[in-house]
Amino acid sequence: MSAATAKAKKGAPAAKPAAEKKAARIEHPGLLDVRDLKAYFRLSAGWVKAVDGISFTLEPGESLGLAGESGCGKTTAATALIKLLPENGRIVSGEVLFDGINLAKRTEFGMSKIRWKEISMIFQGAMNALNPVKEVGDQIIEPIRLHDNIGEKAALARAKELFELVGINPKRIGEYPHQMSGGMRQRAMIAMALACNPRLVIGDEPTTALDVMVQAQILELIEKLREELDLSFILISHDLSVMAETCDKGVIMYAGRVVESGSVEQIFNNAEHPYTRRLIKSFPNIHEKREMVSSIPGDPPNLLYPPPGCNFSPRCERCFEPCTSVEPQLTEIEPGHFVSCHLFGVPDQATQDAASADVAATDAHLAAALEAEAQ
Amino acid sequence: MSSTVTPPADAPAAAAPSGKTGRVCPEDLQKAQTGGSLFDLHDLQVHFPIQQGFFKSMVATQKKYVHALDGIDLQIARGEILALVGESGCGKTTLGRTLLRLEKSTGGTALYKGLPLNKFSEKALREYRKKAQIIFQDPYNAINPKQTIFDIVAEPLLVNQVVHSEKEKEARVIKALEESGLRPARDYLFRYPHELSGGQRQRVCIAGAVVLGPDLIVADEPVASLDVSIRNDILKLMVAQKETLGVTYIFITHDLSLAWVISDRIAVMYLGKIVEIGETEEVVKNPRHPYTKALISVIPVPDPTKKRERIILKGETPNPIDLPTGCRFHPRCPECMDICKEQTPTDIHLGGNHYAACLRLP
Ligand SMILES: Nc1ncnc2c1ncn2[C@@H]1O[C@H](COP(=O)(O)OP(=O)(O)OP(=O)(O)O)[C@@H](O)[C@H]1O
Ligand SMILES: Nc1ncnc2c1ncn2[C@@H]1O[C@H](COP(=O)(O)OP(=O)(O)O)[C@@H](O)[C@H]1O
Ligand code: SF4
Ligand code: SF4
Ligand SMILES: [Mg+2]
Ligand SMILES: [Mg+2]
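These protein sequences, in sequence, are chains A and B.
Residue numbers for the first sequence follow my numbering, so the first one is 1 and each next one is one higher.
Residue numbers for the second sequence follow my numbering, so the first one is 1 and each next one is one higher.
In case anyone wonders, no lab produced these hints; they're calculated from the structure.
Quick reminder that beta carbons are idealized off the backbone N, C-alpha and C, glycines included.
There may be inaccurate statements among the hints.
Claimed, not checked - Simulated crosslink set (PhoX-like; lysine-lysine; CA at most 20 Å straight-line):
| # | chain 1 | residue 1 | chain 2 | residue 2 |
| --- | --- | --- | --- | --- |
| 1 | B | K146 | B | K130 |
| 2 | B | K169 | B | K130 |
| 3 | B | K146 | B | K104 |
| 4 | B | K175 | B | K236 |
| 5 | A | K281 | B | K131 |
| 6 | A | K289 | B | K307 |
| 7 | A | K289 | B | K293 |
| 8 | B | K64 | B | K131 |
| 9 | B | K307 | B | K293 |
| 10 | B | K130 | B | K104 |
| 11 | A | K153 | A | K113 |
| 12 | A | K105 | A | K160 |
| 13 | B | K64 | B | K104 |
| 14 | A | K134 | A | K117 |
| 15 | B | K31 | B | K169 |
| 16 | A | K153 | A | K134 |
| 17 | B | K130 | B | K242 |
| 18 | B | K341 | A | K289 |
| 19 | B | K306 | A | K289 |
| 20 | B | K131 | B | K31 |
| 21 | B | K314 | B | K285 |
| 22 | B | K307 | A | K224 |
| 23 | A | K289 | B | K175 |
| 24 | A | K134 | A | K105 |
| 25 | B | K306 | A | K281 |
| 26 | B | K314 | B | K341 |
| 27 | B | K242 | B | K131 |
| 28 | A | K224 | B | K314 |
| 29 | A | K153 | A | K171 |
| 30 | A | K171 | B | K341 |
Unchecked claim - Selected chain A positions facing chain B (Cβ under 10 Å, derived; list incomplete):
| # | residue |
| --- | --- |
| 31 | A216 |
| 32 | F283 |
| 33 | E291 |
| 34 | E317 |
| 35 | C319 |
| 36 | T362 |
| 37 | L366 |
If we strip away everything but chain A, and leave its shape as in the complex, we get (with noise of 0.2 Å):
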């Protein structure tokens, strides 16, 4: 497949100069807009807050990072954009806007036209869950034939091109899981998600058990498909480093939450919430003195209750007095640049009762729904 012909086939112009292009992302409202998007995990104890209240922005073809140590929830975010939450999760609040249209809002039916068509997703591990009996190409084949209703032979025609595209030998179409490498399943797992020419891609950890050997190559075959298709792309890491070198955006979260979001320059040349100048100082840099990385004392808060106030201020150095007490708001504090700190003002008495109105009102929601479900 060339990129003419997958971008022909959504009647999308055309490559146009950069200039151009630019000009037109623009007058774009933006291809996704998250709007304090809430996702709890109903257990018998009661609601794991694994997304509670995240907010950003995508631009067509841009590439955005998620990064966020282990159970942050990074992976719930991602499934609760397309809407494919595991049974006990389920949306509390927030909008997601895709192309204007409220996906939080579609009804199953409506996902289905919007799912692996305009937004796909590579999913954490997936290409260790291969189904180990049946060959590549025919799982992903599977999805294309499903999605696209077409025959036998020009699913088996297109699976070939999405082999060649993603830098595998079209020939080796026939070949069961194990007989590949993890770099050439993960390839695989690539091409499965452009199977229906989505305009945006979300990858969860597309190269973290991988070698960097392999990493690299996965990532620049990533870099090249942006490019040829006009992808947008939402890499989903625990490495910052990675998020550093293949991303125009990153967003930090922590236990839940975004505590800050901007340009990657402006979040690792100028962090500016405590736990991303952490974070990023907890990563070894080769090209800087060869020093001891530093940690960050303690666990993060345990989901099923978190602290009051400030996620971060039982292991926050600079903790102050309204920290333990108020929840921070996301504020633009330079353009594009989103932090959640006190340090940058602690919000004013009307918003703050507006929030905890709001945690109330979810509250005795949820707490209505489990007893509801408990009868």
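Use these hints to put chain B with the ligands onto chain A, whose structure you have.
This is chain B with the ligands only, laid out in the frame that chain A set:
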């Protein structure tokens, strides 16, 4: 590779074991050298025969082997952290296992304090197991979830019958836990693994490894499954134990930037061989082998303003069954010359402790 911490002249010839049969017995271990390097490996090979189907093996004229290690020359000093880096399948784990005598070499020599590892008697091996320990990547699977922390760390003491009273056992477990950063140890003794964080669980594994007072710990990707905020504490712990307990660490990792932070030396492996070795600073800042140069160029750094040229190699490490002729790296080498396909490079001394095996080097 004669990259030496002690000059080769001092390197002991295979020491004469005392037993009549040429076997190394426990007394030899007790009397073993107190100076010199901890390990001397010379042209070490570990080849695994390939299991072939019945018919194939009947008609095959030649048995095939996986050349997991294929000519390792290495001396390991007492109390150093030596990092083994390289792509998956290059033989890092096999080298670690061979040092632990979990794998027997099929060629060359491997000496521990001058004694040939392959000649250890059963009893000597049992003695040796106390001196050489391993920590794995995944602290979740490495420990028994039904045992308390106390029982987990005490187990090696019981298996090896080295404690003679409850009191002694408790004292040693507490010491090991504290040395591994679980302080105060009494807070942890009667907890279960699921009541600990991932980092704490890895510390329990480390405590289990240090409780017998080993000379050597092979740490096979010990932080790969841990979060950054925790993994740095584990790295610090390894450095501290090297310094205070004099433990030699073999730090196996595919992440060169971690090796850069804590190791004294780095050995870069490719297809069963060490292609470059030297002091950490030297290897990272002044890599000389084309493979090392490529590996270092692709390490992501947490700084978007540092754009640099990345040397992305094509393909992946070939399987080590039919090795390429000449330089085994030649099919992927960006600097390959015609002679590389025929001639096998030997180790070139690049000054200090720095060696690399490439035909382009002077
Ligand atoms: N099905 C579920 N039921 C209950 N809790 C869940 C469920 N799935 C995830 N969680 C919890 O939600 C939180 C966020 O999990 P999530 O998988 O989104 O994290 P993540 O940032 O993707 O982590 P990782 O880097 O380890 O993949 C965690 O506390 C996790 O334990
Ligand atoms: N017991 C074994 N039998 C056969 N082949 C093995 C065995 N152990 C390792 N190998 C092979 O030896 C090579 C080196 O493996 P390993 O030491 O595990 O590499 P690394 O730790 O660097 O990934 C690989 O090709 C691997 O498949
Ligand atoms: S709000 Fe307070 S506790 Fe939270 S990060 Fe800022 S200073 Fe630290
Ligand atoms: S000997 Fe030749 S092929 Fe091998 S690393 Fe050197 S230049 Fe490359
Ligand atoms: Mg995840
Ligand atoms: Mg290994």
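We went through each hint and held it up to the structure:
no.	hint	verdict
1	B:K146 - B:K130	24 Å, violated
2	B:K169 - B:K130	15 Å, holds
3	B:K146 - B:K104	33 Å, violated
4	B:K175 - B:K236	18 Å, holds
5	A:K281 - B:K131	36 Å, violated
6	A:K289 - B:K307	18 Å, holds
7	A:K289 - B:K293	19 Å, holds
8	B:K64 - B:K131	34 Å, violated
9	B:K307 - B:K293	16 Å, holds
10	B:K130 - B:K104	18 Å, holds
11	A:K153 - A:K113	23 Å, violated
12	A:K105 - A:K160	36 Å, violated
13	B:K64 - B:K104	18 Å, holds
14	A:K134 - A:K117	24 Å, violated
15	B:K31 - B:K169	26 Å, violated
16	A:K153 - A:K134	18 Å, holds
17	B:K130 - B:K242	17 Å, holds
18	B:K341 - A:K289	39 Å, violated
19	B:K306 - A:K289	15 Å, holds
20	B:K131 - B:K31	14 Å, holds
21	B:K314 - B:K285	23 Å, violated
22	B:K307 - A:K224	17 Å, holds
23	A:K289 - B:K175	34 Å, violated
24	A:K134 - A:K105	36 Å, violated
25	B:K306 - A:K281	16 Å, holds
26	B:K314 - B:K341	17 Å, holds
27	B:K242 - B:K131	14 Å, holds
28	A:K224 - B:K314	15 Å, holds
29	A:K153 - A:K171	15 Å, holds
30	A:K171 - B:K341	28 Å, violated
31	A216	4 Å, holds
32	F283	4 Å, holds
33	E291	8 Å, holds
34	E317	14 Å, violated
35	C319	17 Å, violated
36	T362	29 Å, violated
37	L366	27 Å, violated
When held up to the earlier numbered hints, the structure conflicts with 1, 3, 5, 8, 11, 12, 14, 15, 18, 21, 23, 24, 30, 34, 35, 36 and 37 and fits the remainder.
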